Amino acid sequence: MENIYQPQVVKIIKIDNLALDAKLFRLDYKNLKFFPGQFVDVSIPGFGEAPFGLASSPTNQKYIEIGVRKVGSLTTKLHELKVGDKLGVRGPLGQGYWPLDKIKKRNVLIVAGGCGILPCRSLILWAQEGAQKFKDITIYYGARECGQLYFEKEFKKWQQKSNLFVSLDTKPTKKLDYGYQVGVITKLFKTNPPLKGSVALVIGPPVMARFVLKELKVLGFTDEDIYFSLERRMECGIGICQHCAIGPYYVCQDGPVFCWADIKNIPDIL
Amino acid sequence: MNYKQLTSFFKYLAKNNILYSPVLEKPGGRFLIQEVTDISEIDLNGRLPDYPWREQLLPQQEILFNIQQNKLLESDLNKLLPQVLLGVGLPDLRALTLYDLVFEKDKYYQARKRKTLVVGYINLGAKSDYTHWHKQYEENILEHLKFDVFIEIVKTGQIKVFSGSEKGQKILEAAGIKDYQHIDYAGAVLEGKLNQEMVALQKAMQSKYNKKLWQSLGKKCLACGKCALVCPTCFCFYAQDQIELDKGQGKRTRCWDTCFYNNFSKVAGGNKFQDNNAKRIHFWYEHKFVRIPAQFQISGCVGCGRCTKACPVSIDILKTKKTLLKDSRKK
Numbered sequence: 005m006e007n008i009y010q011p012q013v014v015k016i017i018k019i020d021n022l023a024l025d026a027k028l029f030r031l032d033y034k035n036l037k038f039f040p041g042q043f044v045d046v047s048i049p050g051f052g053e054a055p056f057g058l059a060s061s062p063t064n065q066k067y068i069e070i071g072v073r074k075v076g077s078l079t080t081k082l083h084e085l086k087v088g089d090k091l092g093v094r095g096p097l098g099q100g101y102w103p104l105d106k107i108k109k110r111n112v113l114i115v116a117g118g119c120g121i122l123p124c125r126s127l128i129l130w131a132q133e134g135a136q137k138f139k140d141i142t143i144y145y146g147a148r149e150c151g152q153l154y155f156e157k158e159f160k161k162w163q164q165k166s167n168l169f170v171s172l173d174t175k176p177t178k179k180l181d182y183g184y185q186v187g188v189i190t191k192l193f194k195t196n197p198p199l200k201g202s203v204a205l206v207i208g209p210p211v212m213a214r215f216v217l218k219e220l221k222v223l224g225f226t227d228e229d230i231y232f233s234l235e236r237r238m239e240c241g242i243g244i245c246q247h248c249a250i251g252p253y254y255v256c257q258d259g260p261v262f263c264w265a266d267i268k269n270i271p272d273i274l
Numbered sequence: 046m047n048y049k050q051l052t053s054f055f056k057y058l059a060k061n062n063i064l065y066s067p068v069l070e071k072p073g074g075r076f077l078i079q080e081v082t083d084i085s086e087i088d089l090n091g092r093l094p095d096y097p098w099r100e101q102l103l104p105q106q107e108i109l110f111n112i113q114q115n116k117l118l119e120s121d122l123n124k125l126l127p128q129v130l131l132g133v134g135l136p137d138l139r140a141l142t143l144y145d146l147v148f149e150k151d152k153y154y155q156a157r158k159r160k161t162l163v164v165g166y167i168n169l170g171a172k173s174d175y176t177h178w179h180k181q182y183e184e185n186i187l188e189h190l191k192f193d194v195f196i197e198i199v200k201t202g203q204i205k206v207f208s209g210s211e212k213g214q215k216i217l218e219a220a221g222i223k224d225y226q227h228i229d230y231a232g233a234v235l236e237g238k239l240n241q242e243m244v245a246l247q248k249a250m251q252s253k254y255n256k257k258l259w260q261s262l263g264k265k266c267l268a269c270g271k272c273a274l275v276c277p278t279c280f281c282f283y284a285q286d287q288i289e290l291d292k293g294q295g296k297r298t299r300c301w302d303t304c305f306y307n308n309f310s311k312v313a314g315g316n317k318f319q320d321n322n323a324k325r326i327h328f329w330y331e332h333k334f335v336r337i338p339a340q341f342q343i344s345g346c347v348g349c350g351r352c353t354k355a356c357p358v359s360i361d362i363l364k365t366k367k368t369l370l371k372d373s374r375k376k
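Protein sequences appear in the order of chains A and B. In terms of the working numbering, the first sequence opens at residue 5 and continues consecutively. In terms of the working numbering, the second sequence opens at residue 46 and continues consecutively.
Keep in mind that the hints were calculated from the coordinates and are not lab data. Accuracy of the hints is not assured; some may be wrong.
As the list claims (entries may be wrong) - Only pairs whose alpha carbons sit at most 20 Å apart, straight line, appear in this in silico EDC-like list of lysine to aspartate or glutamate:
id, chain 1, residue 1, chain 2, residue 2
1, B, K367, B, E242
2, A, K86, B, D291
3, B, K116, A, E84
4, B, K257, A, E84
5, B, K150, A, D258
6, B, K253, A, D272
As the list claims (entries may be wrong) - Okay, the calculated bits of chain A under chain B, using three or more residues with CB under 8 Å as the criterion:
id, segment
7, 6-19
8, 51-62
9, 72-84
10, 233-241
11, 263-274
To be verified - Chain A is faced by these chain B residues, among others (derived, beta-carbon under 8 Å):
id, residue
12, I108
13, I112
14, Y283
15, F309
Remember, predicted model here, so these are calculated numbers, not experimental data. Every residue, glycine too, gets a C-beta built ideally from N, C-alpha and C.
Generate coordinates for the entire structure from the input sequences, incorporating the hints supplied.
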């Protein structure tokens, strides 16, 4: 019998700094079949295990990438690792992500706050490859300050196939070579309103998600056209341990992406 | 079968296995599941033990992997010893039936279960803790419970024996018992017959949040976790790594957890999704009345009544059920 808790041991082949407290790890994991938005459980023996969204394109079968912000003991240890070091990977976990059938041939609005951009990058890269027939992709990307923006170097590339709008909570301390606004992310709904008939994919801290939901409802988005990627504590990743449970669902198994229509009646969901 | 034959069957089981059974600690003391060597200690008086049959299949701390030179090595499951769970009452059999579903793909549980013989029983001549199950018993509930051997003590003291698996049949034959009836397991759910009370509770919890109910329970609840400790369908866990850094040696274990504890829902960065007792107790009930029914079409409450007995502030699951059932009838 297969041991579902046994991680695969993989080598780190590249590490990039994403920000002062965040790194992008490229892992030597070939032929992993996944959809954007799925995640893997990453572990280091002795330091535990935690879920991380896959940040590379699903068509890239040579390696996978995950972004790690330093917030706890496991992520601190991850930040100490070097190219050539090994770590454990379990996955892909969760449901094949974004509701592909629903977003094909539709305009897509991605609203990402902070670390939320990491799994979105998988979709952004995928869309850029042109294999998926999305219509226009609009990205609202919010961060606390310019030093916290990930993938800055890729912005130009992203903008070839999508409309990127950056929002910073505080004034940048350096000159930026792309457009941005200062203030809360929801201001972008006024200054750069989403295209008609869009499907919204929202991922970020709960407080952001709540305000974004309000804006989307004002603009007339139906519950069926709004998707949230949820963050919860996970211990098993396969719907047993109960930590990530929401209403009748498990975020690890049935999510992490949920249609708002399916979860809106769950108390305190956002 | 008579008592003498039953006793020799128990002796046979004790010979080759670790035998767990309900035992009265001392007169007026606790009624516990304990390892038994003297079979006269086995107590089949119809009462449910104070704690459920969990430790034997899902140990409080279980090593998933040993860590050696910073590598994970699967703990040796071949070393598990054969065990018999003797005297499992109907509500607890229901819980074990549920475990088989929940832990279907869990190698550790499955390894333990393979080494386990489950002997259920009902004592129709004794005053039981779960008389509401007795009526179901008459309606062939045994087909929907998982066990290897089942013992029915009839009012007159006569004993009927059933097998519920191939393993059960083999052991009965090996013990020289020929006079038994085989019952084929027909799945946990009664064919095309969902429990209506379960459906109503699920509906009540999912369609409307009864703020008054949960806030008043939240005010009472101490979040001590006792109900989770005694509930046979509470099986949540957390995983933990321990390591001696200089040696690179340690272990990855999973340990019992409860959704009442402070950090149960805490994520990186410190955000907690259940940050007060009203949310925590609602979450606990959701597991019983929403999630288990949604996943397996059976109720997550087996009706053992342990949580009500254990609660230091007298939160009564039957009262909560009553309110929820009332809610389900509204609109």
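- Any hints from earlier that this structure breaks? Give me their numbers in increasing order, please. Result: hints 4, 12 break, sorted rising.
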